[in-house]
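A.B. asks: Spelled out from the first residue to the last, the chains are:
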Amino acid sequence: MALTGVLRAGFVQLRVLDMKEALTHYVDRIGLELVDQGRDGRVYLRGYDEFDRHSVILREADAPGMDAMGFKVARKDDLKTYAARIKDYGLKVGKVAAGEQPGVGKRICFVIPSGHRIELYAEMERAKNGPLIENPDMWREDPRGMRALRFDHCLLYGPNIPEVSKFFTKVLDFALAETVETPDGQIAAFLTCNNKAHDVAFVMHKDPAKFHHASFLLDSWHDVGHAADLIARYNISRDIGPTRHGITRGQTIYFFDPSGNRNEVFAGGYVYYPDSPVRTWTADQLGKGIFYYEKELNERFLGVVT
Amino acid sequence: MSADQRDGFPGPPMFEIVIAGHGLRCPAEGRVLLEMERQGKKFLPVGCRGGGCGICRVEVLRGRYRTLKMSRLHVSVEEQRRGFALACRLVPESDLELRPARRQAH
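Residue numbers (the working numbering), protein chains in the order written: chain A, 1 to 306; chain B, 1001 to 1106.
Any given hint could turn out to be false.
[Said to hold, decoys possible] Derived pair list, reagent style DMTMM-like, types lysine to aspartate or glutamate, alpha-carbon separation capped at 20 Å: (1) B:Lys1041 with B:Glu1079; (2) A:Lys196 with A:Asp229; (3) A:Lys196 with A:Asp49; (4) A:Lys92 with A:Asp77; (5) B:Lys1069 with A:Asp18; (6) A:Lys170 with A:Asp78; (7) A:Lys95 with A:Asp62; (8) B:Lys1042 with A:Glu299; (9) B:Lys1069 with B:Glu1079; (10) B:Lys1069 with A:Asp62; (11) A:Lys92 with A:Glu163; (12) B:Lys1069 with A:Glu60; (13) B:Lys1041 with A:Glu299; (14) A:Lys87 with A:Asp77; (15) B:Lys1069 with A:Glu299.
Hints listed in this document are in silico derivations from the structure and should not be mistaken for laboratory results.
Working from the sequences, and respecting the hints, build out all of it.
C.D. replies: Here it is as structure tokens:
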């Protein structure tokens, strides 16, 4: 298998103001599976088409936002290799003991120049009711709500985007799939570690450690429309869409969870290969890059974060 | 049906909300920001509508109200005591006078 090192965006831990409201949103509306509630009150969720035990962790807190984003690496040895490379780059590397999240092996953690906490781990238990693997049906039980297959990526807001882009490409072996360049420099980076158009993206913002959205994959453009119907029917706070991004080509709709954290459900997007050239958007065409149909910048989408 | 049309019919009491000189009718149990949007008015910026992003932060200058849970990053306990709130989580219990108070350090 050619894919080595960091495999994919594996989990995101989000803070919510009210766990009961959050579970209605993430389980009944988006359609994630409820895996487990930990002794410390954190709740673990996963998309129905994910093999690993969990991918979304919710923690009740007095301010919403993101605690950390975790990436899975291929082998245990990779944790040592990356820990050394991250230290060489000049960031402090911490350790999280195995079992701190149920079913997850030891993790390494570090804070990147945008202020976000990033973690790497090699081991997570398989889901008890994960996707079928022998003569596999499409799913075990009818998918619910928006029928999200998996947690896919996050967009994070913070300062020092060129440095973050360099860190992910030089130290974590990601590729810069797409970039936004202005006369003053790079203001956004869309980074992948596999065939997806992005596993994580960053946009320049003066406050550090801000969360823009967590995104979940749907099967089709029709499913994006179905998600829009659910958003209307259940008075979910809609941000924008259904529409399409020029950047990554995703067909998308954005909305907020009951605590104000933004979510995306999307379909499509191109296949990235390691020999793909970087796609570049310039400031004068950024409206089209972000919302391909509307072609205009949207103050809420650009400025509202948790 | 707009909030105004409910006047004179059985239903929740209506309160007069004044935001920086603009008027808005809001039913008891309504949330100020959502009523503003429903009536097509734009006195305050609309963000997440869930008490998280802080864009619709206001200061209540006059009146009685209650608030639903709001991000402490945007309204601390002390600020809440002094009358600051997020309009998306603000439920009137009388006529209110509000001032937009979005944090500058956003």
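A.B. asks: Now tell me, hint by hint, if it's right for this structure.
C.D. replies: Taking the hints in turn, this is what the structure says about them:
no.	hint	verdict
1	B:Lys1041 with B:Glu1079	violated, 26 Å
2	A:Lys196 with A:Asp229	violated, 27 Å
3	A:Lys196 with A:Asp49	holds, 16 Å
4	A:Lys92 with A:Asp77	holds, 19 Å
5	B:Lys1069 with A:Asp18	holds, 8 Å
6	A:Lys170 with A:Asp78	holds, 15 Å
7	A:Lys95 with A:Asp62	violated, 26 Å
8	B:Lys1042 with A:Glu299	holds, 14 Å
9	B:Lys1069 with B:Glu1079	holds, 14 Å
10	B:Lys1069 with A:Asp62	holds, 8 Å
11	A:Lys92 with A:Glu163	holds, 16 Å
12	B:Lys1069 with A:Glu60	holds, 12 Å
13	B:Lys1041 with A:Glu299	holds, 17 Å
14	A:Lys87 with A:Asp77	holds, 16 Å
15	B:Lys1069 with A:Glu299	violated, 25 Å
Of the numbered hints stated above, those contradicted by the structure are hints 1, 2, 7 and 15, listed in ascending order.
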